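Residue strings, one per chain:
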Amino acid sequence: MGMTMTQKILAAHAGLPEVKAGQLIVAKLDLCLGNDITAPVAVNEFERCGACKVFDKSRIALVMDHFTPNKDIKAAEQVKRVREFANKFDIDNYFDVGRMGVEHAVLPEQGLVGPGDCVIGADSHTCTYGALGAFSTGVGSTDLAAAMATGTAWFKVPSAIKVELTGKLSKYVTGKDVVLHLIGMIGVDGALYKSLEFTGDGVAALSMDDRLCIANMAIEAGAKNGIFPVDDVTLAYVNGRFKREVRIFEADPDAEYESVVKIDLSELRPTVAFPHLPENTKTIDECNGQVKIDQVVIGSCTNGRMEDMRAAAEILKGRKVAKGVRCIIIPATQQIWLDSMREGLFDIFIEAGAAVSTPTCGPCLGGHMGILAAGERAVSTTNRNFVGRMGHVESEVYLASPYVAAASAVTGYITDPATL
Amino acid sequence: MVVQGKVHKYGDNVDTDVIIPARYLNTSNHQELAAHCMEDIDKDFVKRVQPGDIIVANKNFGCGSSREHAPIAIKASGISCVIASTFARIFYRNAINIGLAILECDEAAKDIQAGDEVKVDFDTGVIENLTTGKKYQAEPFPPFIQNIIEKGGLLNAINNRL
Ligand code: SF4
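Just so you know, the sequences run in chain order W and P.
FYI, in my numbering the residues of the first sequence are 1 to 420.
FYI, in my numbering the residues of the second sequence are 1001 to 1162.
Calculated directly from the structure, the hints in this document are not laboratory data.
Source: prediction; values computed, not measured.
Some hints here could point you the wrong way.
As the list claims (entries may be wrong) - Partial pick of chain W residues on the chain P-facing surface, computed with a CB cut under 10 Å:
| hint | residue |
| --- | --- |
| 1 | Phe67 |
| 2 | Val139 |
| 3 | Gly140 |
| 4 | Ser141 |
| 5 | Pro158 |
| 6 | Lys162 |
| 7 | Glu164 |
| 8 | Gly167 |
| 9 | Asp231 |
| 10 | Arg384 |
Stated by the list, open to error - Where chain P lies over chain W, by a calculated footprint (3+ residues, C-beta under 8 Å):
| hint | segment |
| --- | --- |
| 11 | 36-50 |
| 12 | 84-94 |
| 13 | 122-129 |
| 14 | 358-367 |
To be verified - Taking lysine-lysine and the PhoX-like style, the derived pairs with C-alpha atoms no more than 25 Å apart in a straight line are:
| hint | chain 1 | residue 1 | chain 2 | residue 2 |
| --- | --- | --- | --- | --- |
| 15 | W | Lys53 | P | Lys1119 |
| 16 | P | Lys1009 | P | Lys1135 |
| 17 | P | Lys1151 | W | Lys156 |
| 18 | W | Lys262 | W | Lys282 |
| 19 | P | Lys1151 | W | Lys28 |
| 20 | W | Lys74 | P | Lys1043 |
| 21 | P | Lys1006 | P | Lys1135 |
| 22 | P | Lys1134 | P | Lys1151 |
| 23 | W | Lys57 | W | Lys243 |
Idealized CB from N, CA, C, for every residue including glycine.
Chain W with its partners taken away, still in its complex shape:
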């Protein structure tokens, strides 16, 4: 029986000729990641178990993104703990305010992850790097502590669901709509413990930003990882950025899949996930103009990249944010900030009446920089709309693409950008 793309990467990193779904393996890691919430716990565990050195100071990334610039004294203490650890072990890739970006935007951008890698991160959206043809998955802090000490992690080899993409996206339809549609189809546990392997003719026309957004939300279907084949788009993206050797793995023709999901990209419509689960999806046609909103957030590891900034600007150009709506735009990294500024996007945002923030996770997890009060509703380009995710337990989050979010900011209601 052949192996899936994920299984091949895992076999190569476990030093085994072949692995099967369900098998428990120990694999070598190319990179491990922690943030300002999970790394402090990992640092405690690392010290408690008596580890006296890290396995490789160039293969650990610590990104202070969730509560930074520090929102309060406790958050500052947490970051300080990680900063001291990074200094002590001379960690190469320590990202703090001024260099910092939202972790899953900054790692691919800085070329720290790439095709064929095996990566873990103490953050559930570590699955983002599957867009580059890497096996990459979220774990907890104890796993990170063990990884920083040994450079390895244990895995149960996943089975897979094949997602066959055909056709091309139409105007105002993005990677976000693809992944929301998929989660709406299979549910928030539809891929539990499994890989989502994206294939088909439709992949070629998806930009890297679209793929990163799609792989990012694989976890929202319960998946262990989401993964894209390596093609010209991937190579063009990693060329000149990725510092290690590119390793291309492909699924065997006779690889076993538990099921196959087919999506014709040309049929998709802008899609919105209603509270309080990412699977509660509706097309824009089912909700256009019906839901009054108080806040719009455009940013995060899902949609805080350059194409997202441009999409928001395309809609906001020459228009105004509706009275009574707060529109918060957060470019995900310093580089994206600089590029947006140079392209003149900030003029558009500020003239429209939106606020632009330094990179941070901030409102995405209800941390700071845009918390909702009881009864308030937000359209957000982030990835989770659980109860209380962005603030008060009686607030609501609607997940959508930057096009829909920006259009909603203009009208004050969830809005189809094509109708503006």
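Starting from the known structure of chain W, fit chain P with the ligand onto it as the hints suggest.
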């Protein structure tokens, strides 16, 4: 090992944001986390919970963020075991890695009601509802994971290798 306690019951897709809201994640102190455990889904949980109590939930328990603070908060609040139809994978992993006992058993998860007195034997995987007298058989852990649990968590298990 055998544990016994009263059941706190929840539905599908209990996510880590309601187990321990992000607004409390500016600390990693176990007791501070426990003080807010389940706050956004069951605000009286912290007042009701007794040492040894058991959480029973339906599918996809612990979905969402990778925060280990979630199983830590549950364990530090005195919960001896979580039984669910299925667990989200990162939560499953984290629970094992920190030594919070968890069992997947769809039948037990559906049958058992809030307030029932339940006894769990981890060696055999037998779950017994003392209130109704009904017994359920859960899948025991594979040896690889048993080893991690026996050594008292992942870091103790790898300690020998350091
Ligand atoms: S932007 Fe949101 S989902 Fe992404 S890493 Fe930050 S908190 Fe997590």
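Verification of the hints:
no.: 1; hint: Phe67; in the structure: 6 Å, holds
no.: 2; hint: Val139; in the structure: 6 Å, holds
no.: 3; hint: Gly140; in the structure: 4 Å, holds
no.: 4; hint: Ser141; in the structure: 4 Å, holds
no.: 5; hint: Pro158; in the structure: 9 Å, holds
no.: 6; hint: Lys162; in the structure: 19 Å, violated
no.: 7; hint: Glu164; in the structure: 24 Å, violated
no.: 8; hint: Gly167; in the structure: 31 Å, violated
no.: 9; hint: Asp231; in the structure: 28 Å, violated
no.: 10; hint: Arg384; in the structure: 6 Å, holds
no.: 11; hint: 36-50; in the structure: holds (count 9)
no.: 12; hint: 84-94; in the structure: violated (count 0)
no.: 13; hint: 122-129; in the structure: holds (count 4)
no.: 14; hint: 358-367; in the structure: holds (count 3)
no.: 15; hint: W:Lys53 <-> P:Lys1119; in the structure: 43 Å, violated
no.: 16; hint: P:Lys1009 <-> P:Lys1135; in the structure: 18 Å, holds
no.: 17; hint: P:Lys1151 <-> W:Lys156; in the structure: 19 Å, holds
no.: 18; hint: W:Lys262 <-> W:Lys282; in the structure: 18 Å, holds
no.: 19; hint: P:Lys1151 <-> W:Lys28; in the structure: 22 Å, holds
no.: 20; hint: W:Lys74 <-> P:Lys1043; in the structure: 23 Å, holds
no.: 21; hint: P:Lys1006 <-> P:Lys1135; in the structure: 16 Å, holds
no.: 22; hint: P:Lys1134 <-> P:Lys1151; in the structure: 32 Å, violated
no.: 23; hint: W:Lys57 <-> W:Lys243; in the structure: 15 Å, holds
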